[in-house]
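The lines below spell out each chain.
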Amino acid sequence: MRRAAGLALVLALAGCGGSGTKSSGGTILIAVNAPFSREPALGNTIARGAELAVSQVNPTGELVVGRTRYGLKVKRYDNALSPQRAVENVRRAIADGAVAIVDEGTGIDASWQIARDANVPICITYQGGEGLVDPAKRPNVFRIAPTDHGVAFRLAEYLIPKGLKIALLHDDSDYGEEGAVALTQAFGRNPGSVAARLTLPSTADDLSPQVLRARRAHATALLVWGRGPTIAKVLLAARAAGWNVPVYTPPSGEDPIVRQQLADHPSWVDGLTFASGRMTAELGPSAFLNFQSLYRSVYGASRIDVETAAGRPVLQPPDYAMYSYDFVHLLEAALRAAGSTGRKQVLAQLNEVVVQGANGDERGFNLKSHEGVVDDDVYFARFRDMTFRPVKDDPLSSTLPVIDQTG
Amino acid sequence: MSAAPRALSRTRAEVAAGARELARAWRPSATIVAACIAAAALVPPALGSLVRLDALAATLYLGVAALGLGLTVGRAGIPSLAQGAFMAIGAFVAAAIRDGDHASVLVAAIAGAAAAGAAGAVSGAGIVRLRPVFVAVGTWILSWLVAFALLSFPSLSGGVEGRPVPQGELAGIALTPRAHYELALALVVLVAGAVALLGRGAFGIRLAAARDHTGAALALGIRVVRLRVAAFAVSAAVAGLAGALAVQLARVADPTAYGAFLSFQLLVAVLLGGAAATLGPLAGVLALSGISLAARVVLLGASGERWNPMLAALLLVVVLSAGGAGIVPWARALDRRLRPGAPRSRAPRTPRATPRPKPIDGVKLEADALTKRYGALAALDDVSFALAAGSVNALVGPNGSGKTTALRLLAGTQRPDAGTVLLDGRDVTSLPTSARVELGVVRTLQAAGSFRELTALEHVLAGSALRRGYAGPLRTVARTPLARTEEKEATERALDVLAFLGLEAAANVRAGELSGFEQRLLMLAAALGTEPRVLLLDEPAAGAAATDLPRLARIVESIHERGITILLVEHDLRLVRSVAARVLVLDAGRLIADGSPSEVSREPAVRAAYLGRRSLA
Amino acid sequence: MIRSGTLLAVLVLAVATACGDKKEEADKEAAGKACGPAPAAAATKPKLPAKFPTPSEVTYTGEKAAGPSSIVSAYWRGDVGQAFDGYKSAFAGAGYDVTKDEHEEVDAEVNFSGGSSTGQVKLLQTCKDRTTVTITIRPS
Numbered sequence: 001m002r003r004a005a006g007l008a009l010v011l012a013l014a015g016c017g018g019s020g021t022k023s024s025g026g027t028i029l030i031a032v033n034a035p036f037s038r039e040p041a042l043g044n045t046i047a048r049g050a051e052l053a054v055s056q057v058n059p060t061g062e063l064v065v066g067r068t069r070y071g072l073k074v075k076r077y078d079n080a081l082s083p084q085r086a087v088e089n090v091r092r093a094i095a096d097g098a099v100a101i102v103d104e105g106t107g108i109d110a111s112w113q114i115a116r117d118a119n120v121p122i123c124i125t126y127q128g129g130e131g132l133v134d135p136a137k138r139p140n141v142f143r144i145a146p147t148d149h150g151v152a153f154r155l156a157e158y159l160i161p162k163g164l165k166i167a168l169l170h171d172d173s174d175y176g177e178e179g180a181v182a183l184t185q186a187f188g189r190n191p192g193s194v195a196a197r198l199t200l201p202s203t204a205d206d207l208s209p210q211v212l213r214a215r216r217a218h219a220t221a222l223l224v225w226g227r228g229p230t231i232a233k234v235l236l237a238a239r240a241a242g243w244n245v246p247v248y249t250p251p252s253g254e255d256p257i258v259r260q261q262l263a264d265h266p267s268w269v270d271g272l273t274f275a276s277g278r279m280t281a282e283l284g285p286s287a288f289l290n291f292q293s294l295y296r297s298v299y300g301a302s303r304i305d306v307e308t309a310a311g312r313p314v315l316q317p318p319d320y321a322m323y324s325y326d327f328v329h330l331l332e333a334a335l336r337a338a339g340s341t342g343r344k345q346v347l348a349q350l351n352e353v354v355v356q357g358a359n360g361d362e363r364g365f366n367l368k369s370h371e372g373v374v375d376d377d378v379y380f381a382r383f384r385d386m387t388f389r390p391v392k393d394d395p396l397s398s399t400l401p402v403i404d405q406t407g
Numbered sequence: 001m002s003a004a005p006r007a008l009s010r011t012r013a014e015v016a017a018g019a020r021e022l023a024r025a026w027r028p029s030a031t032i033v034a035a036c037i038a039a040a041a042l043v044p045p046a047l048g049s050l051v052r053l054d055a056l057a058a059t060l061y062l063g064v065a066a067l068g069l070g071l072t073v074g075r076a077g078i079p080s081l082a083q084g085a086f087m088a089i090g091a092f093v094a095a096a097i098r099d100g101d102h103a104s105v106l107v108a109a110i111a112g113a114a115a116a117g118a119a120g121a122v123s124g125a126g127i128v129r130l131r132p133v134f135v136a137v138g139t140w141i142l143s144w145l146v147a148f149a150l151l152s153f154p155s156l157s158g159g160v161e162g163r164p165v166p167q168g169e170l171a172g173i174a175l176t177p178r179a180h181y182e183l184a185l186a187l188v189v190l191v192a193g194a195v196a197l198l199g200r201g202a203f204g205i206r207l208a209a210a211r212d213h214t215g216a217a218l219a220l221g222i223r224v225v226r227l228r229v230a231a232f233a234v235s236a237a238v239a240g241l242a243g244a245l246a247v248q249l250a251r252v253a254d255p256t257a258y259g260a261f262l263s264f265q266l267l268v269a270v271l272l273g274g275a276a277a278t279l280g281p282l283a284g285v286l287a288l289s290g291i292s293l294a295a296r297v298v299l300l301g302a303s304g305e306r307w308n309p310m311l312a313a314l315l316l317v318v319v320l321s322a323g324g325a326g327i328v329p330w331a332r333a334l335d336r337r338l339r340p341g342a343p344r345s346r347a348p349r350t351p352r353a354t355p356r357p358k359p360i361d362g363v364k365l366e367a368d369a370l371t372k373r374y375g376a377l378a379a380l381d382d383v384s385f386a387l388a389a390g391s392v393n394a395l396v397g398p399n400g401s402g403k404t405t406a407l408r409l410l411a412g413t414q415r416p417d418a419g420t421v422l423l424d425g426r427d428v429t430s431l432p433t434s435a436r437v438e439l440g441v442v443r444t445l446q447a448a449g450s451f452r453e454l455t456a457l458e459h460v461l462a463g464s465a466l467r468r469g470y471a472g473p474l475r476t477v478a479r480t481p482l483a484r485t486e487e488k489e490a491t492e493r494a495l496d497v498l499a500f501l502g503l504e505a506a507a508n509v510r511a512g513e514l515s516g517f518e519q520r521l522l523m524l525a526a527a528l529g530t531e532p533r534v535l536l537l538d539e540p541a542a543g544a545a546a547t548d549l550p551r552l553a554r555i556v557e558s559i560h561e562r563g564i565t566i567l568l569v570e571h572d573l574r575l576v577r578s579v580a581a582r583v584l585v586l587d588a589g590r591l592i593a594d595g596s597p598s599e600v601s602r603e604p605a606v607r608a609a610y611l612g613r614r615s616l617a
Numbered sequence: 001m002i003r004s005g006t007l008l009a010v011l012v013l014a015v016a017t018a019c020g021d022k023k024e025e026a027d028k029e030a031a032g033k034a035c036g037p038a039p040a041a042a043a044t045k046p047k048l049p050a051k052f053p054t055p056s057e058v059t060y061t062g063e064k065a066a067g068p069s070s071i072v073s074a075y076w077r078g079d080v081g082q083a084f085d086g087y088k089s090a091f092a093g094a095g096y097d098v099t100k101d102e103h104e105e106v107d108a109e110v111n112f113s114g115g116s117s118t119g120q121v122k123l124l125q126t127c128k129d130r131t132t133v134t135i136t137i138r139p140s
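Protein chains in written order, with the working numbering: chain A, 1 to 407; chain B, 1 to 617; chain C, 1 to 140.
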């Protein structure tokens with residue numbers, strides 16, 4: 001009897017020890033450095049992706065790393081599109097104890113070193129410029145977003161075989177200037193395909209002179225690398241002049257502002273084609289649709305204040321939110337693999353772990369590549385009736401399903 | 001004794017002299033300031049991780065730029081809205097030089113300061129000649145031009161992404177945020193000290209004189225434009241230095257951080273803290289930073305930053321509505337009110353025994369066929385006369401007869417349309433006022449007015465500055481032995497002048513606190529400070545009470561006794577009779593009489609000119 | 001009462017999911033079947049970057065330009081797993097970096113960098129012992 005009681009006691013004690021007496025380690029902070037004041041839509045998209053992932057990681061309010069429980073928290077830092085502010089934010093985030101920074105990309109050339117000195121990884125989830133990411137020289141900088149190089153080359157691969165004479169237009173914003181560099185690389189070997197190269201002043205109200213110059217150069221297609229408002233102005237100028245030239249753009253063509261500014265002429269948006277990172281995986285759309293459903297359950301559907309011809313409101317899919325969402329999951333995997341919140345260990349593990357991304361694709365980095373979206377994952381979509389769908393004349397795009405964008 | 005020990009011995013003696021001088025000049029407020037500096041220096045070890053040292057360092061660099069601006073706004077009276085632009089120039093020049101870590105932080109900082117100083121000198125040459133409101137407009141436009149240039153030339157500025165700046169080191173110490181904080185604090189102390197020394201030295205006194213009364217300053221031979229350009233350039237160089245170091249801290253030269261608003265913010269800080277006080281600009285920057293921080297906290301974090309421009313504008317309105325003095329002067333006024341019996345730095349001095357003035361070689365001043373026309377009106381028409389060396393002469397005539405015009409032509413304030421001015425036989429007609437003052441011809445102005453913010457002593461020092469050889473800005477800041485010795489001698493001489501005029505007790509009193517007659521005497525004191533050989537006095541008795549006239553007459557007599565040639569323009573004929581040996585009478589621009597007072601009074605033309613209402617007899 | 005818009009969205013969602021899933025099912029089914037005749041080999045060797053690996057199991061069938069890039073088609077005699085492992089070790093041996101790789105049931109991708117180019121080897125098992133190889137080569 002006594003022996004049985006003693007055995008029971010030992011078992012009970014073993015059970016207590018074995019089922020994880022975990023200590024509380026405080027809060028793990030993830031910083032989001034984005035232009036919340038200057039581009040609130042973009043900033044909020046990035047932050048919401050991260051916050052959504054955090055809410056999934058710790059629905060019970062904790063993440064267990066090693067034998068310690070942590071809370072996971074996202075904190076927003078506004079860079080106001082200023083590199084100096086972005087650098088200050090990185091300093092502040094590090095001082096606040098951030099283990100990682102999700103960054104829109106402004107000021108990375110200056111801020112990465114400060115983060116590196118503190119062994120803090122930075123993941124860029126918007127800007128695609130070349131030189132920002134280099135695993136050898138900038139071991140703590142990662143990116144999950146389509147690169148300018150990838151977008152430019154995919155556009156060249158898609159457009160040049162069509163035999164088009166393409167006018168390459170870029171605006172004088174930082175985004176446009178960097179895109180112009182990428183386009184020069186991509187189209188540099190096929191000069192015969194380029195009808196003209198023009199710079200568009202981003203502050204100009206009317207781009208008719210530049211569009212007219214492209215027309216006079218006998219362009220049969222326009223490739224406009226600029227922010228959303230620039231693209232809208234080019235479309236307005238071309239269509240108002242009765243020129244039905246096909247227009248191609250980088251991911252900024254998807255910016256709702258293009259459709260908003262052309263809401264009075266919805267047919268002028270028809271045929272606008274943009275390149276972007278694909279929203280769905282080869283496995284099918286279910287992963288992305290689940291993600292979208294989760295996003296909308298928390299934040300509601302993102303109406304962009306335009307309607308289809310049938311009067312249905314158009315909703316913006318949360319594609320860019322996927323990137324910050326995926327990075328947080330990668331971070332979570334790295335924390336678990338490291339078994340500690342030590343910055344150096346977590347940074348090392350980011351080169352090892354792989355997770356399934358929001359769209360079902362595998363997402364991960366390694367010592368040779370810190371790009372989470374490869375060039376070959378860039379697809380093309382075309383607008384019709386204020387919504388877009390993958391094109392049929394590109395091998396990758398033709399395999400992708402249509403995602404409903406109406407309410 | 002060999003050279004090295006001799007040099008060491010001299011250095012020790014100078015250091016001891018400097019320490020004694022510092023001890024003499026030490027005030028209770030200096031103790032407070034020293035305590036604040038010591039406390040600030042202890043912030044990193046004491047508070048370390050509790051505070052953001054990078055933000056504090058950035059604020060201190062801004063304070064350095066504001067201190068430099070205080071020299072321009074406070075001392076020179078130039079309302080510059082370009083200080084942010086000069087910070088930008090310093091920052092981007094430093095960033096370009098540091099590119100690729102090929103040059104040291106020190107070289108970059110010096111280059112940034114030099115570039116900004118050069119830009120200040122070039123732009124200042126045009127801007128400082130404008131009226132204050134146009135100075136503000138012109139400098140504001142300059143700020144915008146620099147901001148636009150940065151955005152329009154991305155190859156220079158790095159475009160919207162800016163130019164990254166590698167981490168550097170100074171004297172072998174890595175420039176971490178903590179190192180920047182200590183460096184910025186040291187710079188604040190050095191720049192504040194330099195600005196204080198400059199302000200109290202001949203450079204600052206003359207600048208302030210030009211600010212308070214430009215015409216009177218010009219009449220004393222002060223090269224107003226040159227001084228203002230120098231002040232503008234020094235202020236710009238300080239801003240460039242601050243910008244060059246701040247960009248090293250920020251690690252990126254961001255064009256968007258140097259918009260025109262930065263210049264506005266700095267000007268607001270200077271006015272908020274008190275442009276007239278050396279540490280006022282620094283106090284203003286700290287106050288603005290504190291208010292901005294509070295706004296961020298109250299207005300929900302990041303979005304609070306958008307309120308900064310509005311807050312700065314509101315604060316400016318508040319400061320200007322409350323009289324425009326600023327935090328530091330208000331604090332001093334409050335201190336005076338709370339401690340009325342406390343000793344003040346500007347207490348009246350105890351008069352000494354009046355020393356015997358040194359005789360001067362007066363010179364002969366001649367006017368030969370001087371003519372000045374304003375359109376069809378001949379203000380002066382073919383006027384010739386000669387003033388004997390050491391003589392006292394009066395120039396009289398009805399209103400509008402050309403007396404002041406004659407003085408202006410003799411002093412070089414205006415050029416004649418015909419005729420010449422000869423000084424001891426030398427033709428000085430083409431020489432400007434400043435050159436004639438150096439030769440010993442000085443004029444006091446007709447209009448009432450003094451350098452209101454300067455003390456009586458500083459009035460004389462403003463005049464005597466041109467006779468000094470070691471009063472330049474660099475020597476003043478460096479406190480070289482020659483500069484200190486000369487300053488002491490100049491002060492003694494200035495006190496002698498004040499004693500000569502019976503104003504020694506008011507040596508440390510601001511001119512604005514003296515009576516109108518005493519203020520006129522101060523302008524005479526300033527003229528005497530230039531060690532003139534010819535004095536042109538324009539209505540010294542204007543506005544004087546009858547009881548002041550005998551005193552004025554005695555003063556003129558005393559000046560005459562020293563050997564100075566005097567030409568006195570006066571309406572008060574009693575004064576003229578009592579001091580002048582010779583009287584020249586002008587009427588409608590022509591010389592109608594020349595002789596002793598009694599001779600001239602009997603001239604029918606003179607009686608006719610005065611319409612028989614007055615008589616010199 | 002379900003609104004027609006919501007019903008339509010649910011239907012589209014179902015169809016999209018089904019379509020995607022259907023394609024995956026079709027691919028898996030094809031991968032298990034016996035192979036037919038192999039495609040004809042290309043007459044000339046395609047233009048490849050310096051030291052680009054050509055494992056012995058690979059037969060090139062064609063090449064076409066796509067703007068600045070070239071797309072080389074080939075097939076691997078074996079299943080997708082063998083092709084995947086084969087290319088990874090071949091790249092390592094040739095001094096190329098594998099920047100990303102992904103291996104699913106019947107398809108895989110190996111992204112590479114080297115020889116002044118970047119690109120992707122896309123593998124799709126089309127029948128039991130044959131995997132189509134599509135190599136996209138982009139100049140750096």
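These aren't lab readings, by the way, just hints derived from the structure by calculation. There could be a bad hint or two in this list.
To be verified - Straight-line distance between alpha carbons at most 20 Å, and here's what the computed PhoX-like set of lysine-lysine pairs gives: (1) C/K64 with A/K162; (2) C/K122 with C/K28; (3) C/K28 with C/K45; (4) A/K368 with C/K51; (5) C/K122 with C/K88; (6) C/K122 with C/K45; (7) A/K368 with C/K88; (8) A/K392 with A/K162; (9) A/K162 with A/K137.
Item to complete: Identify every previously stated hint that the structure contradicts and give their numbers, smallest first.
Response: When the structure is compared with the hints, numbers 3, 9 turn out to be violated.
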